[in-house]
Each structure stands twice: as structure tokens, then as C-alpha cells.
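Listed here are the chains, written in short residue letters.
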Amino acid sequence: MMTLKINGHDHEIDADPDTPLLYVLRDDLKLNAAKFGCGLGQCGACTVIVDGRAVLSCVTPLVLLKDKEVTTLEGLGTVDKPAPIQRAFMEEQAAQCGYCIAGMMMRAQALLQRNPKPTDAQIREELQTNLCRCGTHMRILRAVHRAAHLMDTAELTNEKGSPR
Amino acid sequence: MNGPIHPDRRQVLASGGALIVSFALPGAFAQEQGASAAPKPPGSLAKSPYLDAWIRIDASGITAFTGKVELGQGFKTAFQQIAAEELDVPFEAVKVVTADTSRTSNEGYTAGSHSMQDSGTAILNAAAQVRALLIAEAARRFDVPAENLRTESGAVIAPDGRRLSYGDLVAGDMLHVEAQVKSNLKNPASYKVMGHPVPRVDIPAKVTGGAAYVQDMRLPGMLHARLVRPPSYGAQLTECDAASVEKLPGVVKVVRSGNFLAVVAQKEFQAIKAMRALSAAAKWKETAQLPNQHDLPHVVTSLPSRDSVIFEVGDPAETGKKTLEASYTRPYQSHGSIGPSCAVAQLSGGVMTVWTHTQGVYPDRAGIAEMLRVPPANVHLIHVEGSGCYGHNGADDAAADAALIARELPGKPVRVQWMREQEHGWEPYGPAMVTRLKASLDDSGAIASWNFEVWSNTHSMRPGGGGCMLAAQLMADPLAVPPAKPLPLPEGGGDRNAIPIYKFPNAHIVHHFIPSMPVRISAMRGLGAYHNVFSIESFMNELAELAGADPVEFRLKHLDDPRAREVVEKAAKEFGWQKGQKAPEGRGYGFAFARYKNLAAYCAIASEVEVDRETGRPRLVRAVAAVDSGQVVNPDGLANQVEGAIVQSTSWTLYEAVTFDQTRITSIDWQTYPILRFDAVPDKIDVHIINRPGLPFLGSGETGQGPAAASVANAIADATGKRLRDLPLTRKRIKDAIDA
Chain A
1 MMTLKINGHD
11 HEIDADPDTP
21 LLYVLRDDLK
31 LNAAKFGCGL
41 GQCGACTVIV
51 DGRAVLSCVT
61 PLVLLKDKEV
71 TTLEGLGTVD
81 KPAPIQRAFM
91 EEQAAQCGYC
101 IAGMMMRAQA
111 LLQRNPKPTD
121 AQIREELQTN
131 LCRCGTHMRI
141 LRAVHRAAHL
151 MDTAELTNEK
161 GSPR
Chain B
1 MNGPIHPDRR
11 QVLASGGALI
21 VSFALPGAFA
31 QEQGASAAPK
41 PPGSLAKSPY
51 LDAWIRIDAS
61 GITAFTGKVE
71 LGQGFKTAFQ
81 QIAAEELDVP
91 FEAVKVVTAD
101 TSRTSNEGYT
111 AGSHSMQDSG
121 TAILNAAAQV
131 RALLIAEAAR
141 RFDVPAENLR
151 TESGAVIAPD
161 GRRLSYGDLV
171 AGDMLHVEAQ
181 VKSNLKNPAS
191 YKVMGHPVPR
201 VDIPAKVTGG
211 AAYVQDMRLP
221 GMLHARLVRP
231 PSYGAQLTEC
241 DAASVEKLPG
251 VVKVVRSGNF
261 LAVVAQKEFQ
271 AIKAMRALSA
281 AAKWKETAQL
291 PNQHDLPHVV
301 TSLPSRDSVI
311 FEVGDPAETG
321 KKTLEASYTR
331 PYQSHGSIGP
341 SCAVAQLSGG
351 VMTVWTHTQG
361 VYPDRAGIAE
371 MLRVPPANVH
381 LIHVEGSGCY
391 GHNGADDAAA
401 DAALIARELP
411 GKPVRVQWMR
421 EQEHGWEPYG
431 PAMVTRLKAS
441 LDDSGAIASW
451 NFEVWSNTHS
461 MRPGGGGCML
471 AAQLMADPLA
481 VPPAKPLPLP
491 EGGGDRNAIP
501 IYKFPNAHIV
511 HHFIPSMPVR
521 ISAMRGLGAY
531 HNVFSIESFM
541 NELAELAGAD
551 PVEFRLKHLD
561 DPRAREVVEK
571 AAKEFGWQKG
581 QKAPEGRGYG
591 FAFARYKNLA
601 AYCAIASEVE
611 VDRETGRPRL
621 VRAVAAVDSG
631 QVVNPDGLAN
641 QVEGAIVQST
651 SWTLYEAVTF
661 DQTRITSIDW
671 QTYPILRFDA
681 VPDKIDVHII
691 NRPGLPFLGS
701 GETGQGPAAA
711 SVANAIADAT
721 GKRLRDLPLT
731 RKRIKDAIDA
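Quick mapping for you: the protein sequence lines, in order, are chains A and B. Per the working numbering, residue 1 is the first one in the first sequence, and the count goes up by one each step. Per the working numbering, residue 1 is the first one in the second sequence, and the count goes up by one each step.
None of these hints come from the bench; they were simulated from the model. Any given hint might turn out to be false.
Claimed, not checked - Chain B regions said to be covered by chain A (calculated; three or more residues, Cβ under 8 Å): (1) 196-210; (2) 264-270; (3) 666-674.
Only a predicted model underlies this, so the values are computations on that prediction, with no experimental measurement involved. Glycine included, every Cβ here is placed at the ideal spot set by N, Cα and C.
If we strip away everything but chain A, and leave its shape as in the complex, we get (with noise of 0.2 Å):
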């Protein structure tokens, strides 16, 4: 038995400690999100962030993550309460299967909380992990883009103080 916390609750989990993290989350608490890909680190279907980190949850055992917070795309927002990522990602219809979507938003997701402004180049840089097979490359970008430029709107509306 083990304690993780996911997406801000703490769960048990009864796995064997080389288990990756991302049969834990897809069997263990049936989250959707982290998608089975390669299994080898190579495609980037199943990122989360850890600690901030975006992280392959498919070669990263359990054992590692000991005292860790994990989030997945779950733990960002619902359809109706959308986090900006995820409004920017509708918004742009940045999706054709979308099978390798969460991973993509998952790592753009830790980028952008590092970099809340980051060149088209930086963006670049950081999704060549991923791979996306259907060619939906240029929406994603401009979905990053537009989920910077979201995150930026929601900070300046905090800060004044009107909430919505």
C-alpha cells in the first residue's frame, strides 16, 4: 500500500511498486486521460505533470513518486468548468482522433505554469516529445498560444477582484 496524491487527494493504492503510474491512474482510479501509447517514452500519449514537471507516467514507476503530487488533465478542469488550456483546445479545435491531445496539453500545461509567455519556439522545443499522428501540429500550437493569452486574462481578472 502506498499513499498518492493525485489531483489534490490523496489516494491508496494497492500496486506493485515497479507498476508505472499510468496503469495506476487508467486501472487503479479509471482516469481517461494518460493514454497508453508506446510504453517506451517515446510518443509522450501518457504525460502528466509531477511536481510541475511534465512527466512520461508510462516509464515512471510507482516507486518514484513517493511524497510527489501528481495532476493529470482531469485534475485541470471539466467541460463545464474548463480550465484555459483546456477552453484554448476547444476553442481552436485543436483535436482531429485526439488520442495524443492530453498528453500534448499536459506538457504545454507545465510549460506554460514555468513560462507564462513563451515564444512559438519555445513552444516547439517543448511539445518534440510528443508525437501527433493526425497532423493537428498547427492547431495545437495556436492552442498553446491562445491558452497563454487565457491564463494572462484570468490573472488580470483575479487580481482585480471580480470573480466570475
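Given chain A, work out where chain B should sit, using these hints.
The following block gives chain B in isolation, referenced to the frame of chain A:
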């Protein structure tokens, strides 16, 4: 005819004059079929004519049914738009149900850019005819002539303001009538939903972690299975100690039948660990039977072929003043879905239910039933979206795998997902191809003669036949792989788009169909059109150069079709194409055009590519596309498809080849089969849509594949002065050409 038919309703439909919307447009609304001996209703209504097979209205609301599937191309949204438009209800009022063998029509495969043409047209016409029935019923109840009634927001409204909702009007089996040949369709000028960009219905779940894929299914009591595939084609399992694996934690069962091997466990990672143990325990006898990868063009042209002249005009022996010959080649290429294939199956009450991302629930059901040796009625296939497939990938195989495993565990839902190396190693690839071209120019610089030969396997080994599926090939008492068949023209397979759209006085086109398949192949987005268009459009540039002509001007000189000309002119104009214009140092401009299958969407692409002369590394800098796909339903969805086609085809064209030694496939992951990453993504892609209100839908999901390849190849030739004819156009090949 099965259902009771009320003569008055049939008259309403047959007369076609009972609607308030009446109008005349030149050329009519061409979703209608042209006159023929025995006219049938349009699209898939011809095969599945009952209106309630497409549109139902009941207590749960309005539902549109399609036998096609959502693959990430946005059809679910487009079909919802079409039904809402012709029914005159808000977009949100319609729900769409996709392919399910117990609920929807049999529309075969979702393939060949046919969905809008077949299913979209059926829904459009069925919805229009349903609306006519509702108006007729309201006319009867109001005792008001139908032509005085109008529809709005799901109700029929009388001049005095009385209204009856569609739900109130529909009673019993009122919609269980056969479609008429002609529908009174709305005037496209009045469209409120169709032709407008509508956000896709599947995207919210996909960006918030909702259950969106078959991979996300979790049925009560569901078990997880993993496969142990043979290490190579034809390998025989000689030894396997299953007992030790069955003792591992969580393992429920090892399933072995002939060379089919799988393990089932309570949890997914337990299944993966057991799969590794089982793989280590399995001993195989392998046979070296693969062709020489480094001599592939020779292998392809040396295999026995069935040859046919598929097109001839004038005297092909005629030659003009200047002649040119060239050969172009394509390797085997992989669909490379990001999510490995997956399916869930459950044997319950004598019925095998399979949830699958197959492109064809009915043909796949036939294959699985044949494999299980049960009647098709005992197999139920339900489509659930998977990762993008781009043609026949491992989806159908995974469905068969799940069924074969679930049969051994009655009552238990079993989910099986392939591992990365299984997807890369066992999917049916896009076939290797070779083309040879020879042409001549007359004194005016026009093409005087054109000879084109293409060598190719078939481009579809999709099930229908159970022997098409790996599980059925591997199991004890296996099914034989059905003999390959060439796909008939006008759509064609290896010869898809082999007949040029250009007008030449003398032309001769030969298809060398190769029945034997040394490497497992099937349908990949665009089929033969990808390579044939790459070849034709590269060669057109070579001939333009020989003629001293501008490539765009040279194409227009040989194009009659006004829609083709408009697409070419639009792409050139929006790109800023100018005759004789030189690209900046290290860059080149390219252009290419095709009409997919010569009967679906038109697409022209202009591109700018930069080439690093030191390394040979190419990058598509920008692309401008123009596309005409007839009446547009969701412009943003169409743009998304064409953008994706350009990026994906650029990846195929610059990087991709399946590799193998004499025995094994060696491109088994993203290291050994690299595809385009963000550092190679263009700065900009613009897609310009030429809408054709009221004209038939033209499939557009594959229209960009060939033109993108040739446009990029032509830009590389422009940048380097060297012509590359063997796909993929890798940095090494470019560097070698520069240095040569």
C-alpha cells in the same frame, strides 16, 4: 416491402410539391441522382431505403443513424449538422448514433472518402423526406393545405399560429416508409447549420479526460488481456510453458490455440508482466521469407503480375520532339496509430459482443463469425472510437483477438490492447509501389504522349473474409488468407489516380497487379493515389522544366475541368505564385494538384520548403491549399482534415519506410520508424475552401495525401536543382543528391 404504407404519405413524397419551400436552381440540387433506368434514392438510401433506418423521432428526441464511424475526421458532427438542417431543428436537438450491427444500416467500411457522399447524402435526403411527412401529417390534423405550413425549431406551424411539435406528429411506424428517389431539399442559401463552422461534438470529452475511446472502456468485472505474437511472419510455436505463467499474480488464464498466444489477468499491468514472462517461455521456429528491403523496386517489378491496360487514348506509340522517362518508388509505410489497437469482447447468452474501432462493423462481424464458426447473428459489433487509423490498421485484428480470447472466458468482458511493437510489427502496411513514366512534348511544349505503368499489390485486405485477420490465421485450424483482388476502377486500388486528369492526345496506362504479398499490406489513406499522384505530379514538373514552362501554367494548359482549374488558380493566387519567381537561397517552391480518385474532392497545394545544404535536412516552411469538396458541411472540419493531410503526408514523404531483414520486421517503434515531430512542423498552413452550394458532397479525407507529397518533392527539386524519385525523400538522399 415490410411496413404498412399509407398511400397519402407516399403521394406526398412522390409529388414532391407538398412543401412550402419550393424553388428552382440551375442544375437542381445535385444530391439527387441523375436519370437512369431504375432510379434509386441517393447515397446509402439506395441500399437501405427505409427512412427510419436514418432518422427516428420518439420520446428520447431526434436521432440520426449512420453506418459510418467517427475516426477523428469529424463525421459525427457533420451528420448532426446535416440532419438538423434538413429537419429544421437546432443543431443540439439531434443525436447521432454511429455504426452498430444491431442499430444502424450496413454501410460497409468507413473508407475511400465515401462517408459524406454515402451516409451524408442519405441523412440529408432522409431528413428532408421525414420533414415532408411531418408537414403532411400536420396538414391533415390542422386541415390546412401543406403548402401553407412552415417548419421551425422542431414544430410545424400553421398560418394562424397553431403548432404541432415533431414528437406530437410522429405516431407508430409513420417513418417506416421507403425513401422516394427525389427529395425536396432546402435551398442552400437558407442554411443555418450546414456550411457553418460548428464545434465538434467529440472534442470536449477528449480535452477533459472523458471516456472517449474504446481504450477507455471499463465494463464491470472486465479482465485485461495481452498477446504474445510470433517474432516473424509464419513463425511456428514449438514450445510454451504456460503453467508457470498462470501462477503469476493476477493471471486468470493463458489462451493458446495453434500459434495464437495470449494471457488474461485481473489488472492491466499484471497482464503486461505475464505477457513478458509468456513471451520468454515461448519458443518459435522462424523462416526467412521476407524480400530484400534494399532492392525493393526490383523485387516489386519482378513479382508475377496480372497486367491490364486501364486507359488508352490516341496512339501511345506517337512521340513528340522531346521525350522524358522516369521511375518513382514508394516503400512499405505504416499507419502508425498513436494508440495501439484495442477491443473489448464479451461472450454472453450465446452472443459475442465486440466493442471495436474497426472501420466496418458489418464486414468485421462477418469475419469474426467465420473465425468463431458461428452464424453472424451470434456476433454483435459496436463501434467505439479509437486512436486515428488512417486506413486499415490493427483495429479489425484486435477485435478478432478479443473475441477469440473472450470465447475462453464466457461471461467475462475482456479488454485487449496491443503493445507498441505489435502495432508497428503486425499492422497491414501501405504497399510498396513502383511507377514508370514516359512522355513527350510537341513543338508547342504541350504533352504529345503519356505512358504510365504502375506495379502494386492490392490496397485492401480488409475482413469480410475471416482469413484476413491475424487471430484467424494464427489459431489452430486456421482460416486461409483470401486471395488478393485488385480494387475495381473507377476508384481503383494500386491504380487509384493512375489515369491522369489532364487531357493528353495520346496516352497509355498499365496496371501491373501483383497478387503475392511478401509483406502484410492493406488500405492506407489514399491507397495507390498517394504514390500515383506523387509520380504524376513530380513528372509534370519535370516535363514543365523540359518545356521551359511555369509548372502552374503547364498544368492549366492540360486541364479542361473548370473546377480543377479554379482550384489550381486559387492555390497559386493565395500562395503568391508568380511565373519564373525564384525562392530565396536554400529554399524552393513546389506545386501539385489532383482530384482524388478523379471523382472526389479537388485539391491543389503550393509549398515552400527549405533545405539545409550542409545536412540535407528538408523542412516544409509553408503550404497553401485550395480544396473543392462540393457543398461544404463543416468548413472548419474540412480545413482540419486538409491541414492534417498535408502534415501527415509530409511525414510519409520525408521520413517513413517500414524496415525489415530477411526474417523480421525491424521498424517496431518510434525510434526505428521515425515520424514528423514539432521541429519539422511548418510555420503556416492555409486552407482555402471553394464552396459549391447545392452540389454533391465530395469526399475530402484523403484528397491532400498525393498533392502534398508531390508539392514538397517539387519544392525540394526547386531548392536543390536535384530531382528525387524514391520515397522517402530523406535528408541523406537529399544530401547525397546535392553532393553528387
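What are the numbers of the hints the structure violates, in ascending order?
Result: no hint breaks.
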